[in-house]
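Chemist: Below, each chain spelled out in residue letters.
Protein chains: 2
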Amino acid sequence: MIPYAEMTTEMLQAEYAAAKEKFEACKSKSLKLNMARGKPSKVQLDIAAELLTVIQKPEDCFDGEIDARNYGELAGLPCARAYWADVLGCKPQQTVVGGSASLNLMFDVIARAYSHGLLHSPRPWCKEETVKFLCPSPGYDRHFRITEFFGAELITVPMTEEGPDMDLVEKLVEDSSVKGIWCVPKYSNPDGIIYSDKTIRRLAGLKAAAPDFLLMWDNAYCVHEFDGEFIPFADIISVCEEAGNPDMVFEFASTSKITVAGGGISVMAASEANIQYMLKLLGNQTISYDKLNQLRHVRFLKDKAHTLEIMKRHAEIMSPKFAAVTDWLDREIAPLQIASWNDPKGGYFVSLNAMPGTAKRTLALCKEAGVTMTDAGATFPYSKDPQDSNIRIAPSLPPVAELEQAMDVFCTCLKVAALEKMLNI
Amino acid sequence: MIPYAEMTTEMLQAEYAAAKEKFEACKSKSLKLNMARGKPSKVQLDIAAELLTVIQKPEDCFDGEIDARNYGELAGLPCARAYWADVLGCKPQQTVVGGSASLNLMFDVIARAYSHGLLHSPRPWCKEETVKFLCPSPGYDRHFRITEFFGAELITVPMTEEGPDMDLVEKLVEDSSVKGIWCVPKYSNPDGIIYSDKTIRRLAGLKAAAPDFLLMWDNAYCVHEFDGEFIPFADIISVCEEAGNPDMVFEFASTSKITVAGGGISVMAASEANIQYMLKLLGNQTISYDKLNQLRHVRFLKDKAHTLEIMKRHAEIMSPKFAAVTDWLDREIAPLQIASWNDPKGGYFVSLNAMPGTAKRTLALCKEAGVTMTDAGATFPYSKDPQDSNIRIAPSLPPVAELEQAMDVFCTCLKVAALEKMLNI
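Going down the list, the protein sequences come from chains R and X. Residue -10 is where the first sequence starts when you use my numbering, and the numbers rise one by one after that. Residue -10 is where the second sequence starts when you use my numbering, and the numbers rise one by one after that.
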């Protein structure tokens, strides 16, 4: 195999005919495979089977004197706050342990910024003429959508190997209508990038014109290595405090990809001043989150060390799946030089950049052949990838055998789309 | 005993001396009793012990093909939607089964009305010059606070024996800035009133000037009889539809006072058009609610019939507590004619109207003697009871023995406050 770019038109036409034939063969299999979302697989969910039995009797339902079955403790059970403080490296009083979705905690922070303002807001964001939000891209569509939902103008910031392009970020935050930035600091979605220490320090030290500039720090994959040892991460609350921006950051995490997807427990961490402020607002919206599930999780996960042991079992399941994806790409696509991709050690995604102008077409072809992937463009603000190039591959859900089938289809579709483009078909 | 109003000043002074002495004796006991909130007692929470073991193994976690442990099903598990449809008498597709707090679902509806508008809103409520909300009072402080939080002007509507004063409501809704009304149709909080069929029909048939007028129908105590048989209630969704206002109502309920307080499952029911609209908005905020807890609840509660059996067990525990409260009042207060109260057959509260101008003082005295009650005024908008008269008694939490002690204190404080008032002390 030689790169497509080095082929003659005749060679490309022959390649196209072969790829098209392969595509039709794939289609005839009537597959129904899904690599759209970062969903854990059934075997991963079974890892947390013990969670189902760890609380059995009424007398198991107590955290000290507190009955987890009754109203109260808006900030979460003390043992659950201590658990998350251990995992994130912050203080228990810097946490609010929430319900089953960290996304909802993020939504609530942005929603409150809009309707009532944050701790240092001169006014609610809905009273501002313009609110702009920085979206390092490719990034997570659900993040971008929250800020879009509240009418913010989304500004694309390119990703580098070390995280968001900080030269650009530092320039953009001189505009006082820029109110915040979305960050996934460890195994960024979808690139799998770990922000460098320098990038983290520059983010924490931002001299933003907006007094209520908001670092949305979604530490979704904080303990989610699937290849190699746990990589420690900085406590962003302290780093921001040391940089003179103690109230700039809200950090989020959940056990959705540790125990039960959409049925775990979530956390929001921030300075004590921020936590007190948010609790005052949250008190209008709920009496308390599900403390029984918090207790169940603490009993099962115990602490950070034990959580990391559990993550090793996830790694055993995830690792061969990611290997399958990159093996297919290395074998089928690399020699053709029509795409590039990352090779992450953790997180849930492989981020692939196809030949510009072919991502949408590739995924349309995949769909035709029964393979559902995240929509092209989804990783950019307003779902518009200016290059029509980025594709997010989520290999966690299907068993390896299905994944191999799906990757066969995907590689074929990548080729067909590239060849169509090159041959102007 | 004769009524205070018929006593001479000398008699009142003697009564006061005796009551004051009794009060000091109460104080010296250093009690620490709480009747502030409608919290279930430990024995009630133990009724749902089976909830802790009803799902034990990974294979128990399926609702048909759906793995309750994975992302998805924003509207709730099909079996959970069917459960609530059975309880509420509506259709499964008219429900969204939420997390552990129905209050949060109510908050989200009002929050979305403000930020984005409802299905028939000409504009988001935050863009309206004035938004007014009707608050039948005495009512639930947390309801009132949600609308206050979003800047609505709260309008007090008196309660009658049949529910809100409908003549007044019908007049008030001619004002297009009146956007909705809070209702607890069965065992209203705190009066324990069951809205009459006529009141319900008049509410459902309201010809409101606001096209997006909102009936917030908190059916919190829909199956919560503690004295006598279950009293059927109308499906408000159908009643509104028949009255030509299909999209006017959102109904809410939860299992907080059936299984686990703040750890149960909640529901929002409305027309299919409303549900589709809200799901579109909710999709920006979360991926799905905790379906494992939904499944656990359906396995334990089964259906409406079985839920009513479980409620009988709650009734056995609740009934003697309410009897203790009304016995004390009948014995100690009734002959003095210084207060009136209801005698509910369900719900969580006894609503007492003390001599005007004495509610705050009564509760301050209670606090001094170690008995915490819901703050005076809490049952009115802005926590301001114009008569300073209404007191909400929540007898569910303390064991009967403690309740007797607390009622002894409370009756003493009622007397002291009334006598202070009459004697201008």
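Check before you lean on any hint, since a few could be wrong.
Identical copies look the same in the list; a pair holds intra-copy or inter-copy alike.
[Said to hold, decoys possible] Derived lysine-lysine pairs resembling DSS-like cross-links, with alpha carbons at most 25 Å apart: (1) K356 to K269; (2) K11 to K196; (3) K269 to K9; (4) K46 to K31; (5) K21 to K356; (6) K116 to K196; (7) K291 to K46; (8) K9 to K160; (9) K160 to K18; (10) K46 to K301; (11) K356 to K410; (12) K196 to K9; (13) K373 to K269; (14) K349 to K31.
Derived by calculation from the structure, the hints in this document are not laboratory data. In this text the structure is predicted, and so the values were computed from the model without any measurement.
Chemist: Does each hint hold? Answer for all of them.
Modeler: Taking the hints in turn, this is what the structure says about them:
1. K356 to K269: between (47 Å within a copy, 24 Å between copies)
2. K11 to K196: Neither. Shortest intra-copy (55 Å) and inter-copy (64 Å) distances fail the 25 Å Cα cut-off.
3. K269 to K9: Answer is neither: 60 Å inside a copy and 38 Å across each miss the 25 Å cutoff.
4. K46 to K31: Answer is between: at 13 Å across copies they meet the 25 Å cutoff, but 27 Å inside does not.
5. K21 to K356: within (9 Å within a copy, 65 Å between copies)
6. K116 to K196: Cα proximity of K116 and K196: one copy only (23 Å, versus 33 Å across).
7. K291 to K46: both (19 Å within a copy, 20 Å between copies)
8. K9 to K160: neither (47 Å within a copy, 71 Å between copies)
9. K160 to K18: neither (52 Å within a copy, 66 Å between copies)
10. K46 to K301: Classified as between: cross-chain Cα gap 22 Å, same-chain 30 Å, threshold 25 Å.
11. K356 to K410: Answer is within: at 19 Å inside a copy they meet the 25 Å cutoff, but 79 Å across does not.
12. K196 to K9: So K196 and K9 fail the 25 Å test inside a copy (54 Å) and across (63 Å) alike.
13. K373 to K269: between (38 Å within a copy, 20 Å between copies)
14. K349 to K31: Result: close neither inside a copy nor across copies, 30 Å intra and 57 Å inter.
Consistency with the previously given hints fails for numbers 2, 3, 8, 9, 12 and 14, ordered from lowest to highest.
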